[in-house]
Amino acid sequence: MSRDRESDDLQRAIIDRITGEWAVLLVGDREQERRIRVDDLPDGAKEGSIVDVRVSTMKVEVVGVDDAATDEKRAEMQDRLSRLKETRSSGRFDGKKPRPE
Amino acid sequence: MPRTPELSRRTPRLRGVTRIEQYAAKRSVKWSAFALLGVLGLALLVALGPILMLAAAILVLVAWRMPERIAPYLTHRWLAGLPSWLRATPIRLAGALLVLTLPLAAANNAIRADDGVGPPDVGAASVTPEVVASPSPTESPSATPRPTLKPRATQRPTPRPTPAATAEPTPEPTITVGAEVSVHFLDVGQGDATVFIGPDVTLLIDAGRHDRSDVVPQLRALGVSTIDVVAITHAHADHIGQLDSVLDSFAVREVWMSGTPHTTQTFDRAITALERSTASYDEPRAGDRTTVGSLAIEVLSPVQLTGDLDVDMLAMRVSYRSVSFLFTGDLEASGESGIIDRAGGSLATTVYQVGHHGSNTSTSPGFLAAVRPEVAIYSASATNQYGHPHAEVIQRLTSAGVEVYGTPTHGTVTVTTDGSTYRVTTGQAASPISPIAPAPAPAPTSPPAASGCQPGQVDINSAGFDALQLIIHIGPDRAQQMLDLRPFSSVDAMERISGIGPARLVDIKAEGVACVP
Chain A
49 MSRDRESDDL
59 QRAIIDRITG
69 EWAVLLVGDR
79 EQERRIRVDD
89 LPDGAKEGSI
99 VDVRVSTMKV
109 EVVGVDDAAT
119 DEKRAEMQDR
129 LSRLKETRSS
139 GRFDGKKPRP
149 E
Chain B
18 MPRTPELSRR
28 TPRLRGVTRI
38 EQYAAKRSVK
48 WSAFALLGVL
58 GLALLVALGP
68 ILMLAAAILV
78 LVAWRMPERI
88 APYLTHRWLA
98 GLPSWLRATP
108 IRLAGALLVL
118 TLPLAAANNA
128 IRADDGVGPP
138 DVGAASVTPE
148 VVASPSPTES
158 PSATPRPTLK
168 PRATQRPTPR
178 PTPAATAEPT
188 PEPTITVGAE
198 VSVHFLDVGQ
208 GDATVFIGPD
218 VTLLIDAGRH
228 DRSDVVPQLR
238 ALGVSTIDVV
248 AITHAHADHI
258 GQLDSVLDSF
268 AVREVWMSGT
278 PHTTQTFDRA
288 ITALERSTAS
298 YDEPRAGDRT
308 TVGSLAIEVL
318 SPVQLTGDLD
328 VDMLAMRVSY
338 RSVSFLFTGD
348 LEASGESGII
358 DRAGGSLATT
368 VYQVGHHGSN
378 TSTSPGFLAA
388 VRPEVAIYSA
398 SATNQYGHPH
408 AEVIQRLTSA
418 GVEVYGTPTH
428 GTVTVTTDGS
438 TYRVTTGQAA
448 SPISPIAPAP
458 APAPTSPPAA
468 SGCQPGQVDI
478 NSAGFDALQL
488 IIHIGPDRAQ
498 QMLDLRPFSS
508 VDAMERISGI
518 GPARLVDIKA
528 EGVACVP
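In order, the protein sequences belong to chains A and B.
Residue numbering for the first sequence follows the numbering used here, beginning at 49 and increasing consecutively.
Residue numbering for the second sequence follows the numbering used here, beginning at 18 and increasing consecutively.
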């Protein structure tokens with residue numbers, strides 16, 4: 049649903065983390081940090097969500113959540129991590145599995 | 018005269034030398050003249066270079082503007098057969114290329130000049146903890162002896178031979194007797210980065226914020242060149258932020274992460290740097306134990322991944338003999354209770370990095386009771402907008418008798434240990450946060466003194482310039498500010514004073530002198 053209005057001030061952002069009542073957004077290519085209240089996030093926006101934001105000096109408004117892009121990015125990063133784990137493990141933690149539960 | 022073959026073979030060379038010498042002598046040429054010739058040649062080259070370039074540029078400009086003037090000279094058969102506009106093209110192209118090379122060459126020179134200067138390290142010099150560990154110069158009225166040397170508390174059962182049902186024997190690290198390990202809780206603003214440096218080990222836990230570049234210079238200033246392990250507690254940008262530049266700047270042997278991915282570019286950059294590095298990559302799980310040099314490491318979290326970065330926290334306890342350090346990243350209370358359950362009563366730790374920058378989401382009373390640290394250190398920025406560290410967390414720690422340090426107040430905090438004793442040194446001279454007043458001050462337990470002023474207290478809304486300075490952390494400057502900022506609705510409102518942050522506010526409230534009627 050993301051980009052129904054392609055206005056100039058619309059930017060991509062990612063919700064990096066949620067800290068207490070604040071959501072920390074990384075906005076644009078330079079990943080500038082901006083905060084907005086968790087209550088002001090649209091439904092479905094959560095940590096890791098790739099969103100569209102309208103940015104002014106005073107405030108940031110999340111106008112859309114791009115679930116498809118979010119899922120795609122997460123899957124890509126998961127793949128790359130899995131590949132690293134398969135090919136680059138030191139073996140240091142292998143063979144000891146006294147893991148509780 | 019019979020000559021030996023060797024001699025005859027050597028003769029031509031000898032003769033050659035002699036001839037030059039003779040020539041020089043005959044023409045009375047001094048050897049310095051040759052040097053002069055060399056210098057002249059070089060000067061000619063330097064002078065001629067730009068002139069030639071300029072000539073070429075002018076030629077090209079002419080060709081560019083008026084290709085038809087040049088075209089008649091191109092008599093080559095196939096070239097002459099081409100239409101005139103096409104004949105001009107190669108000339109134009111060549112010209113464009115030549116003109117392009119000029120600024121490129123200039124840029125190249127500029128870049129090389131920059132490289133030579135090596136700018137990024139300059140700012141780092143000021144952060145070297147060794148420099149600042151010297152005794153406090155002016156500040157801190159309550160002068161606590163700064164580098165405190167303390168024996169490891171004995172009333173506590175040594176955590177090492179864990180009674181927990183893990184049949185797995187802990188790998189024993191090799192320890193050089195008498196060697197010291199220093200643990201630097203780096204001042205990296207509102208983020209985390211802690212480095213262990215020992216004679217046989219360098220271990221980095223977290224890599225600072227994505228929007229700063231202070232981790233590499235600080236590590237360099239500490240003399241780090243190779244890193245055995247970089248462990249990242251989780252992928253938030255204030256913990257994994259500069260992993261990419263750490264990987265690009267140092268020889269890193271191993272990287273450990275929980276394995277839960279993030280979608281940010283910061284995370285992508287970190288993984289890209291990891292992919293192009295030669296470091297190995299592992300995802301430790303709760304219950305794993307290992308050694309890195311003389312450090313013993315117990316992984317406390319995660320048990321298994323849930324996909325939630327706040328839950329899938331890589332938490333670990335790092336021990337050098339009987340002095341231990343606990344890192345839980347941003348783990349929240351529920352995660353902490355998981356660790357308590359799994360630890361089976363063996364969670365006691367000497368130094369605790371206060372979870373989540375001192376947020377009240379973490380360091381739950383139960384966890385604190387299980388960890389029973391002697392020293393707690395939080396990493397945050399003085400101007401952070403989250404209120405970190407939260408006053409209740411500091412209160413909880415100090416009333417448990419824990420000595421609390423924080424990077425906003427103390428700069429980089431360094432714990433140096435030989436494995437049985439340790440001392441704490443700070444980048445900025447200041448007493449530990451909350452020297453928990455043994456006197457029955459009204460402040461610590463009662464909610465912030467909004468409950469009226471007692472005799473002996475200072476009413477921050479009516480006291481004079483001098484009386485205000487009876488309050489801890491308030492000197493002439495801040496007293497003046499207070500006069501300007503009045504009225505204050507509560508003691509907490511003193512945070513409006515520039516230089517009074519959450520940590521100092523805790524001191525003020527613990528002291529119990531400031532009050533609002």
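FYI, nobody ran anything at the bench for these hints, they're computed from the structure.
Treat each hint with caution, since some may be false.
[Said to hold, decoys possible] Derived DMTMM-like pairs: lysine to aspartate or glutamate, alpha-carbon spacing no greater than 25 Å straight-line:
no.: 1; chain 1: A; residue 1: Lys133; chain 2: B; residue 2: Asp325
no.: 2; chain 1: A; residue 1: Lys94; chain 2: B; residue 2: Asp285
no.: 3; chain 1: A; residue 1: Lys94; chain 2: B; residue 2: Asp483
no.: 4; chain 1: A; residue 1: Lys107; chain 2: B; residue 2: Asp245
no.: 5; chain 1: A; residue 1: Lys107; chain 2: A; residue 2: Glu120
no.: 6; chain 1: A; residue 1: Lys133; chain 2: A; residue 2: Glu109
no.: 7; chain 1: A; residue 1: Lys94; chain 2: A; residue 2: Glu69
no.: 8; chain 1: A; residue 1: Lys133; chain 2: A; residue 2: Asp114
no.: 9; chain 1: A; residue 1: Lys133; chain 2: B; residue 2: Glu292
no.: 10; chain 1: A; residue 1: Lys133; chain 2: A; residue 2: Glu95
no.: 11; chain 1: A; residue 1: Lys133; chain 2: B; residue 2: Asp483
no.: 12; chain 1: A; residue 1: Lys94; chain 2: B; residue 2: Glu349
no.: 13; chain 1: A; residue 1: Lys94; chain 2: A; residue 2: Glu79
no.: 14; chain 1: A; residue 1: Lys107; chain 2: A; residue 2: Glu134
no.: 15; chain 1: A; residue 1: Lys133; chain 2: B; residue 2: Glu512
no.: 16; chain 1: A; residue 1: Lys94; chain 2: B; residue 2: Asp228
no.: 17; chain 1: A; residue 1: Lys133; chain 2: B; residue 2: Glu391
no.: 18; chain 1: A; residue 1: Lys133; chain 2: B; residue 2: Asp435
no.: 19; chain 1: A; residue 1: Lys107; chain 2: A; residue 2: Glu81
Right, here's what the structure says about each hint:
At roughly 19 Å between alpha-carbon atoms, A/Lys133 and B/Asp325 fall within 25 Å of each other, so this suggested pair holds. For the given pair, A/Lys94 sits about 19 Å from B/Asp285 by alpha-carbon distance, which is consistent with the 25 Å threshold. For the given pair, A/Lys94 sits about 52 Å from B/Asp483 by alpha-carbon distance, which is inconsistent with the 25 Å threshold. For the hint linking A/Lys107 to B/Asp245, the alpha-carbon distance of about 43 Å lies beyond 25 Å, and the restraint is violated.
The hinted pair formed by A/Lys107 and A/Glu120 fails the criterion: a straight-line CA distance of about 28 Å is larger than 25 Å. Distance hint between A/Lys133 and A/Glu109 is unfulfilled; the C-alpha atoms sit about 38 Å from each other, more than 25 Å. At most 25 Å may separate the alpha-carbon atoms for a hinted pair to count; A/Lys94 and A/Glu69 meet this at roughly 13 Å. Between A/Lys133 and A/Asp114 the alpha-carbon distance is near 29 Å, which puts this suggested pair outside the 25 Å criterion.
With a C-alpha separation of about 11 Å, the suggested pairing of A/Lys133 with B/Glu292 holds against the 25 Å cut-off. Distance hint between A/Lys133 and A/Glu95 is fulfilled; the C-alpha atoms sit about 24 Å from each other, no more than 25 Å. A threshold of 25 Å between alpha carbons decides the hint, and for A/Lys133 with B/Asp483 the separation of about 64 Å lies outside it, so the pair is violated. Taking the CA atoms of A/Lys94 and B/Glu349, the gap is near 17 Å; set against the 25 Å cutoff, the hint holds.
This hinted pair checks out: A/Lys94 and A/Glu79 have alpha carbons roughly 17 Å apart, not beyond 25 Å. The suggested pairing of A/Lys107 with A/Glu134 is violated, with an alpha-carbon distance near 44 Å, which exceeds 25 Å. Our distance criterion of 25 Å between C-alpha atoms is broken by A/Lys133 and B/Glu512, whose separation comes to about 47 Å. About 22 Å separates the Cα atoms of A/Lys94 and B/Asp228, which keeps this hinted pair within 25 Å; it holds.
In summary, the hint linking A/Lys133 to B/Glu391 is not supported, as the alpha carbons are separated by about 37 Å, beyond the 25 Å threshold. With a CA separation close to 35 Å, the supplied pair A/Lys133 and B/Asp435 exceeds the 25 Å bound. Taken as a hint, the A/Lys107 and A/Glu81 pair is honoured in the structure, with Cα atoms around 12 Å apart against an allowance of 25 Å.
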